[in-house]
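If you're matching them up, the sequences are chains X and H in order. Residue 1299 is where the first sequence starts when you use this note's numbering, and the numbers rise one by one after that. Residue 1299 is where the second sequence starts when you use this note's numbering, and the numbers rise one by one after that.
Check before you lean on any hint, since a few could be wrong.
A pair counts as met if it fits within one copy or between any two copies, since identical chains are not told apart.
Straight-line C-alpha distance at most 25 Å; calculated SDA-like pairs for lysine to any residue [what the hints assert, rightly or not]:
#1 1642 x 1815
#2 1781 x 1407
#3 1578 x 1647
#4 1554 x 1831
#5 1642 x 1494
#6 1781 x 1546
#7 1554 x 1885
#8 1554 x 1887
#9 1578 x 1437
#10 1578 x 1907
#11 1431 x 1776
#12 1431 x 1485
#13 1578 x 1307
#14 1642 x 1547
#15 1554 x 1351
#16 1781 x 1623
In short, the hints are calculated from the structure, not lab data.
Number of protein chains: 2
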Amino acid sequence: MTSSSELVALARQLRVDSVRAAAAAGSGHPTSSMSAADLMAVLLDRHLHYDFDRPEHPGNDRFILSKGHASPLLYAAYKAAGALTDEELLTFRAEGSRLEGHPTPRGLPWVEVATGSLGQGLPVGVGMALSGKRLERIPYRVWVLCGDSELAEGAVWEAAEHAGYEHLDNLTAIVDVNRLGQRGPTRHEWHLDAYARRFTAFGWHVVEVDGHDPDAIDLACQEARSTAGQPTAILARTVKGKGVAAAENREGLHGKPLADAEAAIEELGGSQDVRVRVRKPAAARTMHAVRSGHLELPRHDRGAAVATRTAFGQALAALGTARGDVVALDGEVGDSTRAEYFAKEHPDRYFECYIAEQQLVAAAVGLAARGWVPYASTFAAFLTRAHDFVRMAAVSGAGINLVGSHAGVAIGQDGPSQMGLEDLALFRAVHGSTVLYPCDAHQTGRLVAAMADLEGVRYLRTSRGDTPVIYGPGDEFPVGGSKVLRSSDTDRLTVVAAGVTVHEALAAADLLDGHGIQVRVVDLYCVKPVDRRTLREAAERTGCLLTVEDHREEGGIGDAVLDAFTDGRPVPRLVRLAVRSMPGSASPAQQSRAAGIDADSIAAAVRLLVEQGVVG
Amino acid sequence: MTSSSELVALARQLRVDSVRAAAAAGSGHPTSSMSAADLMAVLLDRHLHYDFDRPEHPGNDRFILSKGHASPLLYAAYKAAGALTDEELLTFRAEGSRLEGHPTPRGLPWVEVATGSLGQGLPVGVGMALSGKRLERIPYRVWVLCGDSELAEGAVWEAAEHAGYEHLDNLTAIVDVNRLGQRGPTRHEWHLDAYARRFTAFGWHVVEVDGHDPDAIDLACQEARSTAGQPTAILARTVKGKGVAAAENREGLHGKPLADAEAAIEELGGSQDVRVRVRKPAAARTMHAVRSGHLELPRHDRGAAVATRTAFGQALAALGTARGDVVALDGEVGDSTRAEYFAKEHPDRYFECYIAEQQLVAAAVGLAARGWVPYASTFAAFLTRAHDFVRMAAVSGAGINLVGSHAGVAIGQDGPSQMGLEDLALFRAVHGSTVLYPCDAHQTGRLVAAMADLEGVRYLRTSRGDTPVIYGPGDEFPVGGSKVLRSSDTDRLTVVAAGVTVHEALAAADLLDGHGIQVRVVDLYCVKPVDRRTLREAAERTGCLLTVEDHREEGGIGDAVLDAFTDGRPVPRLVRLAVRSMPGSASPAQQSRAAGIDADSIAAAVRLLVEQGVVG
């Protein structure tokens, strides 16, 4: 352990390097880094257990910089730990540098999740701490360095509630209370007691310290480590811009390099090269052994009525039996999403997140960071609540499975607040995502299993009501594929459907056949990436694609088919049936008819196109 | 005032009618209604001031049923107040009935905002209470009936923080702590003290009561009304399914009609016809007088470099001067979004919401419900956090203006966490929304003014960096329109751009012109609804549309142009340039080049299409 004076020197160097990095970049957040430099110095030198040469070491502590804009401090700490050269430090924010404006795991094995959207670090940290305590049973600690501004985010209190309730004493939040947000003072400025009351109320142990007193910080960290049964919040009173008189506690300097970096560095004692020897973690068994066995998916009779949400629950439970790395989370609607089937069979790997969808997704991201394959479910409508977390999961490159049930008007009487009608648009727009929307039980089972091994954010959309089983248990549904369910040489157009509308499309095809009109029917169970080959072939053969979806007309299946035709090739004629009005309460059949996406509406639309001569 | 025994009779009737309504519908949430019946009876009979014949009365108290699934209770209360007939009550959840599964304002003038996505009632109620206290200065009270499950939502604590900080003593949350969520017990079951600690920590006055004791409830409401300087939370211990032994405190009955409704009604004392005379509000001046004057938008020289975010701030400040009903809210980034310009000129109509985007949007919805024209701004990336609130605003039919700054990779070094790259997809999918994306200062000013008078959710996307002024101060930009910036008889294709890419498209057109290739350039400043006429004409004339956008390829401008061609008409060839990778840190110009959406990339794409013979 270094002496207190050495700690002071380390903190000074972290400040100097933060100032230098921002100066080199011409942008960045040095003042937000300077307030937390003493906190970081003490943590790094005295409490963090981390092997920088082995970031995959299972016993490593986890460190999340929730106030991601203070990235110069993080990179300065990496340099002090010997993980980065000074030369690389000065590539901060340059094109191609892995030292981005806000930390991401890209190229930086010590960063486990991207931060920069405030209020997300603690929620994700809860997921990691849950893994350590309930799954891995390895005594690593999760340290989250938060800003004070971000405590205004409700997600922080979802996380506080989750951590308090689960007694996560392996989790510590260090709050850098520097009084100043981006635009001016925070609500509570330096009233640490305001934050203390809140964390205490949510079941946390709280320590208040002077965030520039290394010995006090050291004691607080010791207290956090020795507190059993509760997570600890270390509330540190700090000064933004600490160490440079012209910057200290001054408004208007957020997110800007210091005006006179050279003078600031001099005031801070000049450039130094203090090295810190970060403690190595204790030996720990390697990553949880992944039990992998044969997957036995449920089988159904053709024509049997099974809701895809039920098929999801059954498949997830089966997958959990086959694979020891699969975990499940739900937002207090497991009886509706059917995640409860998993919960009953694998209670040790099930996480009840209550009605807190941001925390639901964040915990999944945290679990994924620890190597688990999480499935997080709630109503599709309510997953919209967590969109910023999904977006950031994509920045992190996290592999998570999200399952939204009760999609579309097909839910019936509950009305629009419960209907997922925008979810396809939201998940399609997420970078690198996969969007799946099965129509029957066998298809659902296969997709639930397949999504486990994909990269990035995977979304599965399920339906409330029963739909007939139309596929066999041996049918395969590759991601990126589709199924042509009807086709003939005399198809006048192609109906592209998915989920509940597949069954409407098939019924419409029967109706139209009675009128001597043949149509092709494509089951677009994979909405992203779309099956370009099949869509292009259908376009060439039939000249017109009619999409029908239980979703808003924007961003869903109607837009997705376009992905097959945006390279300048000829585009088929397109007609969209989608939910264009605001539904009220009504039975599922009434809803479907009112929205104009039922079999009769499809058939009527096709006949009109034939009569108008739009299709050949 | 009725006697306590009459209150008991009223509560019984509310239960009976809840049971009857759900039985008639064959679905619904009677047990969740029964737990809160005594709370509702006391509130209705003794504390609510409301003129059911004049729902627009400015002095009316506001009542929000945050636990919207308990809609049978709400409708039963309306019946008891004489606002609904028994016959209509039994239309609950039927197609065409205004008594939807979860309350919406459609057809029900006493419902001010839709509920059903849990945890949104209190946040919106804060907006209304802010209006009453800070703007209207009318002593109405805002009563929000919450469930206990929904207190797990972080948005509730954003609201608690906002209300506590603003000393909203005109706001009361009544929490129906019935111990059971949908799937089983809540985290804190009947530990009222857990909730009490949390609300107290956030600065609320708290009263704990037996939620089935009318006198105790009455006293608690009196206490709430007489508490100055703090909002009050009444924590009521209740029994789910109260009054019917077979249903009381039983799991597995959530969201289901009672098994034996007839027996339940008998046990509850049979159908009755208790009427309640709800107190009328005191006289109040009519809705805040809307001052309306001449709008003087700022003028700029052609070619001057002005960021659209700056133009937004200037225009909003000017609009606030011209119109007394315009208010602004921001999520602690007013210096970046430029909402601070409004704050400086109209501090009395500016609401700092700190870093709590859900509360930001919810407060705007509450203010809109009180007749104000709110503009709520933050980074486009962070508005995604509030998507469920935006979705519900659309269900409510709320007229709100949302402004997302720092759109796209054009922000530069800060990296992907700060880039709005999915916002167009999210806002396009919202029912009835308008999506605007200006490219210069004059256009921004006009659109900021125009959006004030639109219906529904209006979204304006602004950019961080300066762009040249290309329009004159007198140019008009109708919503639903676009601008053809370049066109000739020899155009080979049409480049459709918006925002920052308009300038890239113009530069590309110049480059291409040097190579003897003419292209049409359309500024699609209104992304939704799109200008079908102009796009169709461009398609007919040039045969190919190349879209270029600083947004993900899904759900944005590339998809939006399709809206002009989904009626079966011939579709032009389409080519999309959009952000397909995950950006890192780099300068704006480097970002734009890396994403392939800069002038050189556009020109290269066009030349390739020409060489390949794709375009004529």
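Here is how each hint holds up against the structure:
1. 1642 x 1815: Cα proximity of residue 1642 and residue 1815: none, with 49 Å in one copy and 66 Å across.
2. 1781 x 1407: neither (40 Å within a copy, 48 Å between copies)
3. 1578 x 1647: neither (29 Å within a copy, 55 Å between copies)
4. 1554 x 1831: Result: close neither inside a copy nor across copies, 50 Å intra and 46 Å inter.
5. 1642 x 1494: neither (38 Å within a copy, 33 Å between copies)
6. 1781 x 1546: Neither: 64 Å inside a chain and 49 Å across chains, both beyond 25 Å.
7. 1554 x 1885: between (57 Å within a copy, 15 Å between copies)
8. 1554 x 1887: between (58 Å within a copy, 20 Å between copies)
9. 1578 x 1437: Classified as within: same-chain Cα gap 13 Å, cross-chain 62 Å, threshold 25 Å.
10. 1578 x 1907: The answer is neither: 71 Å in one copy and 57 Å across copies each exceed 25 Å.
11. 1431 x 1776: Neither: 36 Å inside a copy, 58 Å across copies.
12. 1431 x 1485: between (34 Å within a copy, 19 Å between copies)
13. 1578 x 1307: The answer is within: 22 Å in one copy meets 25 Å, while 70 Å across copies does not.
14. 1642 x 1547: Only across copies: residue 1642 and residue 1547 sit 22 Å apart there, 54 Å inside one copy, limit 25 Å.
15. 1554 x 1351: This pair counts as neither: shortest intra-copy Cα distance 33 Å, inter-copy 57 Å.
16. 1781 x 1623: Classified as neither: same-chain Cα gap 30 Å, cross-chain 54 Å, threshold 25 Å.
Hint compliance for this structure: hints 1, 2, 3, 4, 5, 6, 10, 11, 15 and 16 are broken, all remaining hints hold.
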